[in-house]
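J.: In order, the protein sequences belong to chains V and Y. Read in numbering that gives the first Met the number 0, the first sequence has 165 at position 166, and its numbers run on one by one without any break. Read in numbering that gives the first Met the number 0, the second sequence has 278 at position 279, and its numbers run on one by one without any break.
Since the hints were derived computationally from the structure, they do not count as laboratory data. Backbone N, C-alpha and C define an ideal beta-carbon position, used for all residues, glycine too. No false leads were mixed into what you were given.
Just a few of them, taken from the derived set where beta-carbon distance is under 10 Å, the chain Y residues facing chain V: (1) N12; (2) M57; (3) I58; (4) L129; (5) G188; (6) V190.
Estimated spans, in silico, between C-beta atoms of each pair: (7) Y:F42 / V:T60: 38 to 46 Å; (8) Y:N160 / V:Y33: 37 to 45 Å; (9) Y:F68 / V:N118: 13 to 21 Å; (10) V:N118 / Y:I288: 51 to 59 Å; (11) V:R112 / Y:N157: 41 to 49 Å.
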Amino acid sequence: MTTIYKTIAYVFLAIQSLVVLHAVPDKVDFKPYYAEIAARVLFSITKVNHMYNFFSDPNKTGKYSYTTNKLVLFKMENKHVRQKKVSKDGSIKTVVAKINQARVGQIQTLATRDTTFYNAVVRSQALYLINSNKSYPLLSVEVFHHECAAIRQGEKFRKVERIDTVYHNLFSLD
Amino acid sequence: MMNYRIPYPVRANIFAYPDYAYAKHQFEYFRIAVAAFSLFNFFLFIVDYDVLLASNGMISWEVTSANSFWFEPHLQKLTSLINPSVLLYSAILVYILSLTLLGLGIKARLMAVISFACFLLFSIQLHPYLYGVDLYQSVFLFFLCVFPSGHSLALSKNSLNETICAHQQIAIRVIQVYLMITYFSAGLGKVQMPSWFNGEFLFLSLSDPTYQFVPFPMDLDYHFFMVSGCVVVFLELLYPLLVLIPYVRSFVLLSVLGMHTFIIVFMGLVPFGVLLIIMNLIAWHPLLIQDYRSIIKFLKS
Numbered sequence: 000m001t002t003i004y005k006t007i008a009y010v011f012l013a014i015q016s017l018v019v020l021h022a023v024p025d026k027v028d029f030k031p032y033y034a035e036i037a038a039r040v041l042f043s044i045t046k047v048n049h050m051y052n053f054f055s056d057p058n059k060t061g062k063y064s065y066t067t068n069k070l071v072l073f074k075m076e077n078k079h080v081r082q083k084k085v086s087k088d089g090s091i092k093t094v095v096a097k098i099n100q101a102r103v104g105q106i107q108t109l110a111t112r113d114t115t116f117y118n119a120v121v122r123s124q125a126l127y128l129i130n131s132n133k134s135y136p137l138l139s140v141e142v143f144h145h146e147c148a149a150i151r152q153g154e155k156f157r158k159v160e161r162i163d164t165v166y167h168n169l170f171s172l173d
Numbered sequence: 000m001m002n003y004r005i006p007y008p009v010r011a012n013i014f015a016y017p018d019y020a021y022a023k024h025q026f027e028y029f030r031i032a033v034a035a036f037s038l039f040n041f042f043l044f045i046v047d048y049d050v051l052l053a054s055n056g057m058i059s060w061e062v063t064s065a066n067s068f069w070f071e072p073h074l075q076k077l078t079s080l081i082n083p084s085v086l087l088y089s090a091i092l093v094y095i096l097s098l099t100l101l102g103l104g105i106k107a108r109l110m111a112v113i114s115f116a117c118f119l120l121f122s123i124q125l126h127p128y129l130y131g132v133d134l135y136q137s138v139f140l141f142f143l144c145v146f147p148s149g150h151s152l153a154l155s156k157n158s159l160n161e162t163i164c165a166h167q168q169i170a171i172r173v174i175q176v177y178l179m180i181t182y183f184s185a186g187l188g189k190v191q192m193p194s195w196f197n198g199e200f201l202f203l204s205l206s207d208p209t210y211q212f213v214p215f216p217m218d219l220d221y222h223f224f225m226v227s228g229c230v231v232v233f234l235e236l237l238y239p240l241l242v243l244i245p246y247v248r249s250f251v252l253l254s255v256l257g258m259h260t261f262i263i264v265f266m267g268l269v270p271f272g273v274l275l276i277i278m279n280l281i282a283w284h285p286l287l288i289q290d291y292r293s294i295i296k297f298l299k300s
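Here chain V stands alone, though its shape is the one from the complex (with noise of 0.2 Å):
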């Protein structure tokens, strides 16, 4: 038993090592069809072919980005446009516990990353909150992605930004 347990080891870390010095490829195909599936459900049990690389941008450019996005709903009364921010500082994290806002406060990435997945994310986020506020048929949905850059005055630093609009879409249960 203790050499198995000592192969897995070597195993385990030997992979996971070669995939933090991308000594492996990104992707690979797989042949047959089933070598893949095999390859998925032992890496989503193992997570070996994941990197640990946090705060730190992937394509080592140095610059920092980030993504926002302003979630609003409305409404008429008397002839007048009511509105109700959703979202606050950029994120939807007004509608969660504070200890877990770091949870949705990444969703809107998606916008940026996988496009097709956020378009259907963003009708499910719409379909909940019109659906919890009643009274208010209309969302508006903007996704910012925010370019930065630290300049320094004197002994500080400022933060300077460019903002563009990568998704805007206005949402009703109509």
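Using the hints provided, position chain Y relative to the given structure of chain V.
T.: Below, chain Y alone, put in the same frame as chain V:
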């Protein structure tokens, strides 16, 4: 017949000195900590049950199910047979029960497998909300499925013999090397970015409104961000080496714990910081205690 000896570099592998940085019950502490942390992390999801967990929550099951592969388990695939709420309550109950029994050390291996299966099920359903902490938790639960635990500090009466101890020593070494690899990986990404050395990246990360928890004073002297950025890169990149040097390791580990506390307070990544603080303490506490005793002995003499 020639008396063949295995060359030293081959013998001096990571398992050559199993007693190094190992204390009795260490893997059992790991088991209890992982089970307790997993419960804590899951209760955070339950706090926002309607938004995060429910089938018609903010990201509905249909969306994550459509984005999953046909062979990946998802509760949505069973909703045609069973009511979604019943399914979810059952899965939650099984997950909480298995984690509790894992923590108590009852049928530890079986409970680890069930907990891990439930975790994988929930992670497919909740994947847009997951980040680094869930990756670590998954790997730690996987270790509990592979290596034997529940032989001491457990309610079940499984004896902790020499063989089991040897297997737990292997497990502890794997956890230690895994932590080394992950910190090195984080440092390797940062060391290639000049913006981490001139303080710009740290300044911009702390001013990112999507992360802010307790607001950090951003009008500090730029030297603070520069020095802190260099310290973070230095700590992460050299963690695998520094953690082995007597006395230096205590300073390094305390600095790493400080770094994670900073992440908890100012960046709001509470579960991430909590898990890594616990794991660093469990993985390296025999060395910390050894250093502490040496310092006390030196001071007394």
